[in-house]
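Let the sequences and hints guide you as you build the complete structure.
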Amino acid sequence: MVDRLVTIMAQLRDPATGCSWDLAQDFASIAPYTIEEAHEVADAIDRGDMTDLKDELGDLLLQVVFHSRMAEEKGHFALADVVAAISDKMERRHPHIFGSDEERAGTGPHLWEQIKADERAAKARSGALDGVARGLPALMRAEKLQKRAARTGFDWPDTDGPRAKIDEEIAEVESATSADHRTEEVGDLLFAVVNWARHLGVDAEAALRRANSKFEHRFSAMESIAGETFEEMSLDEKEVLWQRVKSTAA
Numbered sequence: 000m001v002d003r004l005v006t007i008m009a010q011l012r013d014p015a016t017g018c019s020w021d022l023a024q025d026f027a028s029i030a031p032y033t034i035e036e037a038h039e040v041a042d043a044i045d046r047g048d049m050t051d052l053k054d055e056l057g058d059l060l061l062q063v064v065f066h067s068r069m070a071e072e073k074g075h076f077a078l079a080d081v082v083a084a085i086s087d088k089m090e091r092r093h094p095h096i097f098g099s100d101e102e103r104a105g106t107g108p109h110l111w112e113q114i115k116a117d118e119r120a121a122k123a124r125s126g127a128l129d130g131v132a133r134g135l136p137a138l139m140r141a142e143k144l145q146k147r148a149a150r151t152g153f154d155w156p157d158t159d160g161p162r163a164k165i166d167e168e169i170a171e172v173e174s175a176t177s178a179d180h181r182t183e184e185v186g187d188l189l190f191a192v193v194n195w196a197r198h199l200g201v202d203a204e205a206a207l208r209r210a211n212s213k214f215e216h217r218f219s220a221m222e223s224i225a226g227e228t229f230e231e232m233s234l235d236e237k238e239v240l241w242q243r244v245k246s247t248a249a
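For the sequence shown, numbering that gives the first Met the number 0 assigns the number 0 to the initial residue and increments by one for each residue that follows.
Treat the hints loosely; a few may be bogus.
[As the list claims (entries may be wrong)] Pairs of lysine-lysine, BS3-like flavour, derived with a Cα cap of 27 Å: (1) Lys143 x Lys164; (2) Lys164 x Lys88; (3) Lys146 x Lys164; (4) Lys237 x Lys213; (5) Lys53 x Lys88; (6) Lys88 x Lys146; (7) Lys213 x Lys143; (8) Lys213 x Lys53; (9) Lys245 x Lys213; (10) Lys73 x Lys88.
[Claimed, not checked] Here are the simulated distance ranges between beta carbons: (11) Leu135 x Phe214: 17 to 27 Å; (12) Phe76 x Asp13: 16 to 26 Å; (13) Gly152 x Asp80: 47 to 57 Å; (14) Asp48 x Phe218: 19 to 29 Å; (15) Leu199 x Lys73: 38 to 48 Å.
Derived by calculation from the structure, the hints in this document are not laboratory data. Where a beta carbon is used, it is the ideal one built from N, C-alpha and C, also for glycine.
Here it is, written out as structure tokens:
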């Protein structure tokens, strides 16, 4: 089944008879689509829409095949190499399933993070923060950076420290003296909020997705109630409508 998709992509990238748009793409131009498709997979899961999930997983698979085809054209690797690499990695990271008799019996080490650290070391990445992908959503990347730092002992011992840091960062936003300075301080504030959420056991990325969805639902409900007059309503009238929608929300 995957072979069919690989063949389609090869035809699309054929220099003589392929699609001009597909031929014009490179790794950098396709990367934003790859990120977008991953988010659409997460959205389908969040909505519980299995039909959409099937389609979005197909779109995401297409991105893997697209990147692999471009790499193959340049002589770097092919899709089969990608599959082999992830298969090797999964077996290596699950010694209690695929390892020696001792490891499968549960007497050997099963240290997922230690295994990943060893892999980073083998790639000459010695820093604790090395390998945290820059293309991740900002909130998710902030949490991963904080978790990595925490493993070295650089972390607050409880929730009081990160909570106090938020107040400190708010004050610095308010005292910012330029647009660039304000942008920097707002970034620090968001980083501090993620840190507090992490200490509370809350996934900041998931929490914000949920807040976005809730706002979207409530705003749409306001528009439905007001009809064509919504945009002409005053801010106070819209606030009354907002409170009405909020009070009746499930």
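### Task
If any of the earlier hints don't hold here, list their numbers in rising order.
2 and 13
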